[in-house]
Every structure is written in C-alpha cells, then in structure tokens.
Amino acid sequence: MSYLDLSIREIHEALVNGETTPLELTKEAVARAKANKENAFETICEKEALEFASSLTEVEKDNVFYGIPYIAKDNFSTKDIETTASSNILKGYVPLFDATVITKLKAAKAVMIGKSTLDELAMGGTGTTGHLGTTYNPYDPEHKRMVGGSSCGSAASTAASIVPFALGSDTGDSVRKPASLAGLVGLKPTWGRISRFGLFPFAPSLDHVGYFTRNVEDSALLLGLLSGRDDKDSTSSFKPVEKYEEKIGESIEGVRIACIKEIDESITDPALLKKYKVSIDALRKQGAIVESVEFGKDLLDSIYATYIVISCAEATSNNANLDGIKFGPNYGGKTYQDVMMTARTKGFSELIKRRFVIGSFALMRENQDVLFLRAQKNRAKIVEKTNEILSKYDFVLTPAAPGVAPLFGAKSDKLSDEYLIADNHLAIGNFSGLPSITLPLGLEDGLPLGINIMGRAFEEKELFKVASAFENITGLKGLSVINKKEGNL
Amino acid sequence: MKEITLDVLRDAANRLMFDMSEEEYQTLLQEFDVLKKQMEMIGKIEGLENYAPMTFPFPCEVSYLREDVAEEPLKKEDALRNAGSKQDGQIKLPKVVG
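Just so you know, the sequences run in chain order A and P.
The numbering of the first sequence is my numbering, which starts it at 1 and goes up by one.
The numbering of the second sequence is my numbering, which starts it at 1 and goes up by one.
Keep in mind the hints are simulated off the structure, nothing from the lab.
One should not assume that every hint holds.
Think about it this way: if two alpha-carbon atoms lie no more than 27 Å apart in a straight line, the pair counts; the simulated DSS-like pairs of lysine-lysine are [what the hints assert, rightly or not]:
| id | chain 1 | residue 1 | chain 2 | residue 2 |
| --- | --- | --- | --- | --- |
| 1 | A | 414 | P | 92 |
| 2 | A | 47 | A | 144 |
| 3 | P | 44 | A | 385 |
| 4 | A | 334 | P | 95 |
| 5 | A | 79 | A | 27 |
| 6 | P | 37 | A | 414 |
| 7 | A | 346 | P | 86 |
| 8 | P | 95 | A | 326 |
| 9 | P | 86 | A | 91 |
| 10 | A | 79 | P | 44 |
| 11 | A | 91 | P | 36 |
| 12 | P | 76 | A | 91 |
| 13 | A | 326 | P | 75 |
| 14 | A | 334 | P | 44 |
| 15 | A | 414 | P | 95 |
| 16 | A | 104 | P | 75 |
| 17 | P | 95 | A | 385 |
| 18 | P | 75 | A | 106 |
| 19 | A | 91 | P | 37 |
| 20 | A | 79 | P | 95 |
| 21 | P | 75 | A | 346 |
| 22 | A | 297 | P | 95 |
Keep in mind it's a predicted model, so treat the numbers as computed, not measured.
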C-alpha cells in the first residue's frame, strides 16, 4: 500500500503528520506513470513536476490539495507543456497559457505529473482513436478490453492508482462512461459550474469539465476547488461556490429517486440487473423512495442521433482553427486553401473526418431544418421531460453502461435498444446540463459495473449526499486495481 | 433530407477543407446507412414544431462591462511560437490577392 492509493484527505493527513512529502509522492506517481502499461500518457511531466514538488516544503494544513499529484487530460491547455488533444494536427503545439482549472490546481499547489491520452479531439467513446493508439483498461491485464473514452488515459491512470484524481472532459458521457468501465467515481457537474476556459472546445453547448476520483468525498472537495465564475468563460455561472462535502453522511430518508423504466428494460446483462436491483432494495432500506417512471421509448431512442447531429455540427466550426497556418504542421502549397487542405487531410484521422462530414452534412442548407434544427428542438423536448421527472423526484438513478468493459472489436447492433438507450442515455445530462455522477456498483468476473445518479441544476451538494450513501451500500469506496475489493452487492 | 451520395459526402468534406480516400468515402457511405435510420428516429418524435431549438442548457446572459485594466499583450515571439511558417516576424502564407 502506498499513500497514492489513499483518498485526498488521507494523503493530506499523512503530509501534515510528516509521514510523506510532496516530493516523495510526486516521485512515486512519476515512477508509476512510467511503469504504466495501459498507454495512458501523452506526456509525463517529470522535470516540471519534481521541480514544483521540491518547492513545496511548508505543508498548508487547511489546503487538502497541497502537494497532491494529479493528471490532466491532454485537451486542457498547459502553459509551456505540449498539448495535442491526441491529434496529429496539434503535434508540437505548446500553449501560451493555462486553462482556468489548471491555474486553480496550481494555486492550490497540486502537482500535475502528466497529460493523459484521449480519443482524438475528445470525439469518441472507445479510447482507441488517439494518435498514440489504444488506451487499455487496467482491470484487464491481457489488454483485450476498452476503458472507454474519450477521457481514457485519465480513467486508466486513476484506476491504476497512479494519482488520486485526474481531469477529464465530458460532452456525451466521456467521463461518466469510462468511470463505469474503470470502477471510478466520475463527475460531470452542472453546465457552467466549472470554467471551460482553456479546454479545447468540441461542442460548447454540451462540453463540461469533469473528473475522476476513487471516492465521493474527493469528488466533492475537488468541485469546491474548481468551481466558480470565470470572466474568461462567459458561460460560467455566477452562483456562489458551496461546501459540497457538507451533506456527506446525512440520512437519505425520504429522498425521492426515479428509475427510468425504458432504460432499465434496455439492459440485458443479468449480473448488472441483479446488482442494480439489490442496490435499489438497499436504498429503500435506508428510507429512500425509489420508483420506476416512464420517459418515452421514442424519445430515448432518439438521443443518439440528437447527440451526433448537434455535437458533430458544433465540432465542425470549433475545429476550423486547426488549419496548418495558425495551428498544425504547414506542408506548403500554392494557395492558402492548399495549405489548409493538406494540413487537415493529413492531420485528422479517418474517424474525425467522418464525424466532421456528418456535421457538415447536417448543416447543409437542404438539411438544416430536418436535421440540425430538428435535433435542437428534440433536445429541448428531452430536457423538458427530464425536468418534469425532476420536479417530482430528487434524483434519477440508472445503470451507467450496458455492462462491463466491452472487448475490442465486439460487434454491436447500432439500432438495438442496448446501443441506442443503454449505451447512450448519459447524454441526457449534457443536453440538460444537469449534474451527473457515476459510481462503482460491483464487480463481475473482476470487471467493474457502474451506476449513474443525476440531480437538479446546481444541487451538487445533494447529489454528493445520495452518492455517498450509495458508496456505503456498495462498500467500494477507494476501489482501484491495486486496492481490489469485492463489494457488498 | 438531401440524398446521400459519394459526391454529396465529398462536397461536405471539401467544405470543411479536407479530403478522404475513396475507401474512406465508401466506409462513410456505409456508415450513413445506419446513421440515416438513427436520424429518422428524430423524425418520429411528434410535436417538435412547438419547441424552440435549444442552443444552451440554461440562459447565460452576461450584461456587464469588464474593468478597463491594462494587460501585458502577447509578445511577438510568443504569438509566432506555434505558427508552422513564419518570416520577418510575421506568419507566412501563400499569396492571397492578385
């Protein structure tokens, strides 16, 4: 057991008691990162991290992030550290400024030890499309199973106990799905709660900063640090930052939880269904009122298409600056159009190009009404239905993924309920901007299963309360590949 | 919806200033078989004419003027640091006019 396997608060206590130092923690985290076999890293910032950790000699007792090592997904701008978003078109790009979340972590004296891999430009959910190749699930040493994406490296490195937390981004489910496949706590807070300044935009109406931890309290503490209005992000909220950990441990008696009937019916994995049912019984024993409600199957079936149309359309314009002139390699050409065509043709992978073409197609004049605007209207309808449920219930509880981490190359029917609903419903949280947290539910054949809880806008404090109660039910607080547990369910 | 053909897809790609190989266009054309069926699922939803297109999860109106504080501008060498082609302190491009 290493201090890195503990929670942020436990590591902090060890620092305050003089049992370890930021430098020792950083050295060990770097050593673990270097030994990592899951292809989780774009860059290991050994020199910068050791230099910074060496300067941390006076422990700040009231700052739990002091000297804590962490990892950032490589789509957050980091001053003087190459930031590629796992795309060849950004190879060699060195930002001139830090993203706001990086600035906040630096000010809290947390130590960034590396930048993690992602699906190229955060557009993907498999962890297979980054320019460094596939990132693997640390729960499968044979490397046959995916960890999911797009925040694949951040999920793999938190699950492998390299760091106690890692930053990610979530446009469709890019934190919360990999959290499920890697047995982690993955939070996407309310849209606007955390500044996105310095996060490479994919689809700004859906993009959120999110992150992975190994327990609920760490997630709450981190939200307190990262939240708040930022004039550099006009969409960031003016709502005051709260003590998000304040209600952890409080009773959930009388809390009203809705399960979505059609989502539950789209799950076919018997182990997941069994553990999910047992967890609901346990919530009821604690006094929660858990009821099944209907959402409308047609509406749920339409989530994936709505997501793909809106996100791809937004992505086409947000990535227009990757042109081989301002960003990316300039291969030359007789006209500036030649320069752009060559840089973008060579710089983007096939998957990204396909997604861009889908976006371009949706935005064609003949298609705008039937595709893009219709998807935006359908988004409004999905959000209206979600808010209607949350006017009667405090939370929505769902399985976070159809089952354990899928095998690479496994075929799925893209028109089945399992794909359209079970595998894609987490995008509701992005459409609505509501806070949404994934938690480990249990393990099946040594592989994690996860659930998701979504709450009302800016009510993260309540969300952490019920998440913590759920964490006690499963007994999986602190789960990692090193700290393996069977759980209670 | 516009009919999906190889030419339409090529046009969509070229509008975004990139090209793909013939094989990649074929893969995309096949992908559109399923995608079209998925997109039709939005078509099945009734009453959407009563909804306004949703562009952001919440209204985010910002109506204030920031303080007029002088800031250090980006240095020229920093501004040029990530440009692939530069000359005489400027980003170099092929001739655009004339």
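The hints, checked one at a time:
In summary, the hint linking residue 414(A) to residue 92(P) is not supported, as the alpha carbons are separated by about 46 Å, beyond the 27 Å threshold. Restraint check: the Cα-Cα separation between residue 47(A) and residue 144(A) comes to about 33 Å, which exceeds 27 Å; the hinted pair is violated. At most 27 Å may separate the alpha-carbon atoms for a hinted pair to count; residue 44(P) and residue 385(A) meet this at roughly 16 Å. Our distance criterion of 27 Å between C-alpha atoms is met by residue 334(A) and residue 95(P), whose separation comes to about 8 Å.
Taking the CA atoms of residue 79(A) and residue 27(A), the gap is near 22 Å; set against the 27 Å cutoff, the hint holds. Of the supplied pair hints, the one linking residue 37(P) and residue 414(A) holds, its CA atoms being roughly 10 Å apart against a limit of 27 Å. Distance hint between residue 346(A) and residue 86(P) is fulfilled; the C-alpha atoms sit about 21 Å from each other, no more than 27 Å. Of the pairs offered as hints, the one joining residue 95(P) and residue 326(A) holds, with about 16 Å between alpha carbons and a cut-off of 27 Å not exceeded.
Among the hinted pairs, residue 86(P) with residue 91(A) is consistent with the structure: their alpha-carbon atoms are about 18 Å apart, no more than 27 Å. Our distance criterion of 27 Å between C-alpha atoms is broken by residue 79(A) and residue 44(P), whose separation comes to about 48 Å. A threshold of 27 Å between alpha carbons decides the hint, and for residue 91(A) with residue 36(P) the separation of about 34 Å lies outside it, so the pair is violated. Annotation: proposed proximity of residue 76(P) to residue 91(A) holds, straight-line Cα distance about 22 Å (limit 27 Å).
Proposed proximity of residue 326(A) and residue 75(P) is supported: the alpha carbons are some 16 Å apart, at most 27 Å. Between residue 334(A) and residue 44(P) the alpha-carbon distance is near 48 Å, which puts this suggested pair outside the 27 Å criterion. Distance restraint check for residue 414(A) and residue 95(P): the Cα-Cα separation of roughly 47 Å exceeds the 27 Å cut-off, and the hinted pair is therefore not satisfied. Pair hint residue 104(A) plus residue 75(P) holds up; C-alpha atoms about 24 Å apart against a cutoff of 27 Å.
Under the criterion of a C-alpha separation no larger than 27 Å, the hint pairing residue 95(P) with residue 385(A) is inconsistent with the structure, at around 54 Å. Of the pairs offered as hints, the one joining residue 75(P) and residue 106(A) holds, with about 23 Å between alpha carbons and a cut-off of 27 Å not exceeded. Annotation: proposed proximity of residue 91(A) to residue 37(P) is violated, straight-line Cα distance about 37 Å (limit 27 Å). A C-alpha spacing of about 33 Å is found between residue 79(A) and residue 95(P), which places the hinted pair above 27 Å, so the restraint is violated.
This hinted pair does not check out: residue 75(P) and residue 346(A) have alpha carbons roughly 30 Å apart, beyond 27 Å. Among the hinted pairs, residue 297(A) with residue 95(P) is inconsistent with the structure: their alpha-carbon atoms are about 56 Å apart, more than 27 Å.
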